[in-house]
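Model the full structure from these sequences, guided by the hints.
The listed protein sequences derive, respectively, from chains Z and C.
Taking our numbering, the leading residue of the first sequence gets 1, the next gets one more, and so forth.
Taking our numbering, the leading residue of the second sequence gets 1001, the next gets one more, and so forth.
For the record, the hints were derived by calculation from the structure and aren't laboratory data.
There may be inaccurate statements among the hints.
[Said to hold, decoys possible] Only pairs whose alpha carbons sit at most 20 Å apart, straight line, appear in this in silico EDC-like list of lysine to aspartate or glutamate:
{"#": "1", "chain 1": "C", "residue 1": "K1002", "chain 2": "Z", "residue 2": "E76"}
{"#": "2", "chain 1": "Z", "residue 1": "K115", "chain 2": "C", "residue 2": "D1122"}
{"#": "3", "chain 1": "Z", "residue 1": "K2", "chain 2": "C", "residue 2": "E1076"}
{"#": "4", "chain 1": "C", "residue 1": "K1002", "chain 2": "C", "residue 2": "E1076"}
{"#": "5", "chain 1": "C", "residue 1": "K1115", "chain 2": "Z", "residue 2": "D122"}
{"#": "6", "chain 1": "Z", "residue 1": "K95", "chain 2": "Z", "residue 2": "E32"}
[Claimed, not checked] Some chain C residues near chain Z, calculated using beta-carbon distances under 8 Å:
{"#": "7", "residue": "G1038"}
{"#": "8", "residue": "V1042"}
{"#": "9", "residue": "Q1044"}
{"#": "10", "residue": "A1061"}
{"#": "11", "residue": "L1077"}
{"#": "12", "residue": "M1117"}
{"#": "13", "residue": "N1124"}
All C-beta atoms, glycine included, are put in the ideal place defined by N, C-alpha and C.
Number of protein chains: 2
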Amino acid sequence: MKGFQIIADFHHCACDDALLQDAARLASTCLEACAHAGLTVVAQAFHQFGDGCPLGGATGAVVLAESHLAVHTWPELRAATLDVYACNVSQDNGKRVQALYNSLYATFQPRQVQKQMLRRGDLNHPFNTVSGS
Amino acid sequence: MKGFQIIADFHHCACDDALLQDAARLASTCLEACAHAGLTVVAQAFHQFGDGCPLGGATGAVVLAESHLAVHTWPELRAATLDVYACNVSQDNGKRVQALYNSLYATFQPRQVQKQMLRRGDLNHPFNTVSGS
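The following block contains the structure:
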């Protein structure tokens, strides 16, 4: 269960509106990014917001053999939250986590990011933020 | 998108084997816990591990109107990782996040926990660990 997680809030995203508003578009973007990063999709669940959300809004999760990706969008704020976690069973997936994050960062084009990186699942290490950018 | 997240690694879980090994059991437990905590399930995705996992193993995510729950189990280690995140749109969901965590903690019965709590989505606050137990 040892692994690496990136948690990020994307603010002021310059991506096209559909990525923030349309669940099908968000899902296809996430699935493509997971595959491109070399991660294995085993299940997915996405939801389109409607009532009470004039601009739509989408939310979802991709369950990976390695752990998960979760993305929630806020079109009225041009924002999204991102969680990418992959554990290391047969190999170190740290670079794949970073590649998936980089891919979604490039797609959402946030002008401001709050980000935290965690090492998980290792009782020999404190459950703390990993230094890095 | 302001919200509250608990990230936890459960080690040495004293729960029954099925919760760690069976995806259907894990899913029903998660869905029941979400509903009991007052959170709104809008989608779900669970996966049963088989090949290469002698003890099984299960993984999944519940997509909430408020954000998500993700749980991955490691039966060979009697361990699970947990992510609970809920944002505050119409109300402060902090207590619901804590209630969901407490419910799953009580169900998995870990003897050791690594836990981190985060405040998210607020550019006026640093993206840092929230103090608390």
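Here's how the hints hold up against the structure:
| no. | hint | verdict |
| --- | --- | --- |
| 1 | C/K1002 <-> Z/E76 | holds, 13 Å |
| 2 | Z/K115 <-> C/D1122 | holds, 12 Å |
| 3 | Z/K2 <-> C/E1076 | holds, 13 Å |
| 4 | C/K1002 <-> C/E1076 | violated, 37 Å |
| 5 | C/K1115 <-> Z/D122 | holds, 12 Å |
| 6 | Z/K95 <-> Z/E32 | holds, 17 Å |
| 7 | G1038 | violated, 18 Å |
| 8 | V1042 | holds, 4 Å |
| 9 | Q1044 | holds, 5 Å |
| 10 | A1061 | holds, 4 Å |
| 11 | L1077 | holds, 6 Å |
| 12 | M1117 | violated, 11 Å |
| 13 | N1124 | violated, 11 Å |
In this structure, the earlier hints numbered 4, 7, 12 and 13 are contradicted, and the remaining ones agree with it.
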